[in-house]
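Both chains are sitting in their own frames, so use the hints and assemble them into the complex.
This is what each chain is made of:
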Amino acid sequence: MAAFFQQVVSGLASGGIYGALALAIVLIHRATGVINFAQGEMAMFSTYIAWTLTTNHGFSYWPAFAVTLLVSFLGGVGIHRAVIRPVERGPQIRVVIITIGLLLLLNGLAFWIWSGEVRAVPSPFPAGTIDIGGVAISWSDIGTIAVCLTSVLVLSAFFRFTKVGLAMRAAAVNPSEARLVGVRVSSMLGLGWGLAAMLGAIAGMLTAPNVFLDPNMMQAVLIYAFAAALLGGIDSPIGAVVGGLILGVGLNLLGTYVDFVGSDLKLPAALLVILGVLLLRPAGLFGKTVVKKV
Amino acid sequence: MSRATIRTLAAFATLAVVVAALPAFVNDFRAQQFAYVGVYLVALTGLNILTGYTGQISLGHGAFMAIGGYTTSILMIDHGVKDVATIPFALVVAGVAGVLFGLPAARLSGLYLALATFGIALATPALIKKFEGFTGGGAGVNLFGTPELTASLTPVRFLGLELNFNNWLYYLCWTVALVGYVVAWLILRGRTGRAFRAVRDSETAAVSSGISLTRTKVLAFGISAAYAGAAGSLFAITTTFVNPDTFPVTLSIFLLVGVVVSGLGSLKGLVAGAIFIQFMPLWSQHVSKSPGAPAVVYGTVLILLILVLPGGASGLIARLQHLTRR
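Going down the list, the sequences are from chains A and B. Heads up, the first sequence is in numbering that gives the first Met the number 0, so the first residue is 0 and it goes up one at a time. Heads up, the second sequence is in numbering that gives the first Met the number 0, so the first residue is 0 and it goes up one at a time.
Don't take each hint at face value.
Said to hold, decoys possible - Straight-line Cα separation of at most 25 angstroms, SDA-like style, residue types lysine to any residue; simulated pairs: (1) B/Lys-129 - A/Ala-219; (2) B/Lys-288 - B/Gln-32; (3) B/Lys-267 - B/Val-16; (4) B/Lys-267 - B/Phe-11; (5) A/Lys-162 - A/Leu-73; (6) A/Lys-265 - B/Leu-99; (7) A/Lys-265 - A/Val-7; (8) A/Lys-265 - A/Pro-281; (9) B/Lys-267 - B/Arg-324; (10) B/Lys-128 - A/Thr-255; (11) B/Lys-129 - A/Leu-271; (12) B/Lys-81 - B/Ala-138; (13) B/Lys-128 - A/Val-257; (14) B/Lys-128 - A/Val-210; (15) B/Lys-128 - B/Phe-143; (16) B/Lys-129 - A/Leu-264; (17) B/Lys-288 - A/Ile-112; (18) A/Lys-265 - B/Gly-139; (19) B/Lys-267 - B/Thr-7; (20) B/Lys-129 - A/Ala-268; (21) B/Lys-129 - A/Leu-266; (22) B/Lys-128 - A/Gly-254; (23) B/Lys-267 - B/Leu-281; (24) B/Lys-267 - B/Thr-4; (25) B/Lys-267 - B/Trp-282; (26) B/Lys-288 - A/Ser-114; (27) A/Lys-265 - B/Asp-244; (28) B/Lys-288 - A/Asp-213; (29) B/Lys-128 - A/Leu-253; (30) B/Lys-128 - A/Tyr-256.
Honestly, the hints are just simulated from the structure, not real lab data.
Extracted from the complex, chain B is given alone in its bound form (with noise of 0.2 angstroms):
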């Protein structure tokens, strides 16, 4: 093993480590709030293999998650599969659509596909209502309570730990993102994951080594919009409730900012970008409750951020090794 795969595995033991001892330190409502850090972790990690690795711009990544959401609360609740069976459901069926959205929008670029995305993110929640018999319309559908949702009415015992229902979602949302970090990892290291970075710095370079745009594009639709749905799906779980504004516009639009804070092509500033993502419009309110005024920090330190931190928090991590390697 070269060192710098050591130094990356012992960089994500450390990570392990920190998630798993987290709620021992932390109250229960904060438990939960982290357990949303999770969620966030797993679809900006498929974000930013299509965004950050492959260049294509998606601002729809809250629709792929809506789909893994829908899944799950219909598979639940009209065909009583308990909650943790339906992730690969969500994973696969969000998958497959991210491939067929794919398809067509391979031969979109640049701003084209990301005001494309835009529009998809846009529609759903109006088809969402629209397809009532379905979906529950605009009523939407509550898990909490159901004997599908594991530990929302007794606690669940786990390797010998007696977890309520906060904890629980925590370890579930972790131990999902934890994976797909590292399936993530393993993608991206190799041979596919050079297709992705050939196609994103020169799409010319990458077809005249021989690797095929659309098949290129596709598969990294298809991977990032899994990731999606799986996100999307711990989502619903965690909410215990999903109608159609639990996935809004804003969603895709802060997924995006998430990315980019979080630094694109680097999956080591991924945690502080889904960290922002939870924590950031709660910290703009302590600063003030007056309407319109978190709005205002917020969109402050975003500003700042990226003038201050153009590599988000990857490029800062980056220049920290740099410095203590010296």
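Same shape as in the complex, but just chain A (with noise of 0.2 angstroms):
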């Protein structure tokens, strides 16, 4: 039984990054509509950021942590100005091919900054298990659990208490009669972008001491959070948490206890349910089916 709720715990702690990383992904889609491919390897550029400042620049590790979520946020600022606007009012499909020409841009452009060397990152938890009731948990799941929990905290008392919140979520939802009561919707979109990156940067960091950092290092995880993202409903923003950790418990359980799926076939089996999911429930479990008005 101690296990079992091991491989609970450290499912928690993996399906936390992959909230946090579909929580990006749902930020985006109710910003602008789309589904950012690019995601994933802009939270791998963030990593890198946060790695080059705390080996070449001195930082310790968690002013590095907060440098980088400020540039993250700026980057993701820039990325939705320079490409994203012109296109954002034409079709969706368009702005997934942009969005897959910014996945291959900055995947070859951390190769070419930083090379393909396979980097360690250290954690910043201590390293060590806690035993509680008999059940051996790492102080890095923990902290994981943690931060993830923290930051979708954070974000919805945000979008909840502050006017800007507010405003963000008028332009999403309606943006011309937002943009009638003032709301000045390119620039929410455009906030809306900047926060994504910034939980990207947080996945990307809680993933790189685990995994090892290297250009590639977010695909799987991309994976992951679209999957939970599709689970929990792209428009929920709970959903994409839940679905995360559902996920990431699921995972670790199937990839455990059942012989046939074992470490190989997770990502098929991970592909399946969903797809089951998606059938009986089009809009996710948390979604709300939307009802067009002709």
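Shown next, in the form of structure tokens:
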């Protein structure tokens, strides 16, 4: 039974990371109405910035963390301004292709600047485990879960209790009416991209200590984040986080206890489950079915 | 015949002549590269029917190509079927798979469909590796040097011409591509094509004029997957080898990129899209070979293309036609 709970906790930790990146995807989807395929590479790029700050510029971990968040935020706003805004009003697929271009660009840029060498990134959390009722839980799992939950709570407070957060929600839900009441819609959408880039940076920095940093680090995480966002409903921030946690725990248990699945069929199994959920509830677990006006 | 039809036929005849004459002007190695352009043209024609004309984004067409490619390889190696004869099988098997996938997928719309198809593309290599006994697993299936592969050992004589392997591949792929092109044109100009466009432009309006959404979408999926199956079969024959990594996720992504670069909902620019898929990675390497640089070039060119030419190659051609007509 202890082994079972250990799997659950480590599943929650990786699920928290999926959830954070899924939340970033949901934010951009609400702001721009598209899936951002470059989300993972943006997170990877941010993580390299954190790495270079600590390794080459003598920052200690948490200041580097803060600076990276700021740089990522500005980067996200900049990307929106430079390449997304010009095509925002056209068909979705054009924006999707732009984000695919960004994916290639950022991935190549990281290879170019930092080379493909695999780098070890120290964890900000103490090593070792803590014993809770016979279950050994590592500090890094606890830390990861704590950071993910904190960022989600801060973000939902921001959307609920601040004027800017409210304006952002208005701009996403109904751009034309939001504009009528004086919301600067385009800036709000850019802000959405900035926040998403920040969340991605958090997900990246939490992933790096577990898997080593290299330019392809976030690709698998991105796919799980997509799955999490779909599972929860691509328009629902809560859904993204819950979807991430369900996926993290589910995958861990599936890989451990179902022999046929093992580690090589984890991804297809996850995708199959999600496909099933989509067919029964096309809008995901927490999503609302949109009724189209004619 | 209307003037538009005559113009279309003239343009197509020019294309056919250029395609037929090209091997005389390029070396053997280039002929094989252009054979791949033909393969991508088949796949893009199919994908444009689904994404461009019916409005259903698919990020999973690499998976249907894999089905076609593996149908061909298994028939050739395990059952001794000649390569050309496997193409219709690949087409039908992938088409059926497309219909079966289309039935549930017709319920999904927009980006949900994009992500569901992306999932299929992601899962395919892992599934091929898992069912080793049937597919040869990670080691793959080698076709080169088998008697079933035409012209791989001795040149083939065709219409009094002696064709070496690469030239044979070139003509094989382009014959299929041009036939597929004409078939697509015929499908799209009639009743079926109108139904596809109606579904793309407004599902509600399409339903109110008596079009069944499910039937139309499933049909588009089936046709489109059949094209991808034929393309996958040709891909297997041209590379003379298949393994799970022959059909990676990136293939599906590049097909969608190719179709947008061609221009959605028009057959005019497809050749340009196929050329983009085959040659853009090579051109990016010409610019700089240092690690990462080709991807930077590719990504930048792609983003600029979408920003500068939102209608893709077809949009550009249409604009040029508009200018010359005045």
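Here is how each hint holds up against the structure:
| no. | hint | result |
| --- | --- | --- |
| 1 | B/Lys-129 - A/Ala-219 | holds (19 angstroms) |
| 2 | B/Lys-288 - B/Gln-32 | holds (20 angstroms) |
| 3 | B/Lys-267 - B/Val-16 | holds (16 angstroms) |
| 4 | B/Lys-267 - B/Phe-11 | holds (10 angstroms) |
| 5 | A/Lys-162 - A/Leu-73 | holds (20 angstroms) |
| 6 | A/Lys-265 - B/Leu-99 | holds (23 angstroms) |
| 7 | A/Lys-265 - A/Val-7 | holds (16 angstroms) |
| 8 | A/Lys-265 - A/Pro-281 | holds (23 angstroms) |
| 9 | B/Lys-267 - B/Arg-324 | holds (17 angstroms) |
| 10 | B/Lys-128 - A/Thr-255 | holds (20 angstroms) |
| 11 | B/Lys-129 - A/Leu-271 | holds (15 angstroms) |
| 12 | B/Lys-81 - B/Ala-138 | holds (22 angstroms) |
| 13 | B/Lys-128 - A/Val-257 | holds (18 angstroms) |
| 14 | B/Lys-128 - A/Val-210 | holds (24 angstroms) |
| 15 | B/Lys-128 - B/Phe-143 | holds (21 angstroms) |
| 16 | B/Lys-129 - A/Leu-264 | holds (8 angstroms) |
| 17 | B/Lys-288 - A/Ile-112 | holds (14 angstroms) |
| 18 | A/Lys-265 - B/Gly-139 | holds (22 angstroms) |
| 19 | B/Lys-267 - B/Thr-7 | holds (9 angstroms) |
| 20 | B/Lys-129 - A/Ala-268 | holds (12 angstroms) |
| 21 | B/Lys-129 - A/Leu-266 | holds (12 angstroms) |
| 22 | B/Lys-128 - A/Gly-254 | holds (17 angstroms) |
| 23 | B/Lys-267 - B/Leu-281 | holds (24 angstroms) |
| 24 | B/Lys-267 - B/Thr-4 | holds (13 angstroms) |
| 25 | B/Lys-267 - B/Trp-282 | holds (23 angstroms) |
| 26 | B/Lys-288 - A/Ser-114 | holds (13 angstroms) |
| 27 | A/Lys-265 - B/Asp-244 | holds (18 angstroms) |
| 28 | B/Lys-288 - A/Asp-213 | holds (19 angstroms) |
| 29 | B/Lys-128 - A/Leu-253 | holds (19 angstroms) |
| 30 | B/Lys-128 - A/Tyr-256 | holds (21 angstroms) |
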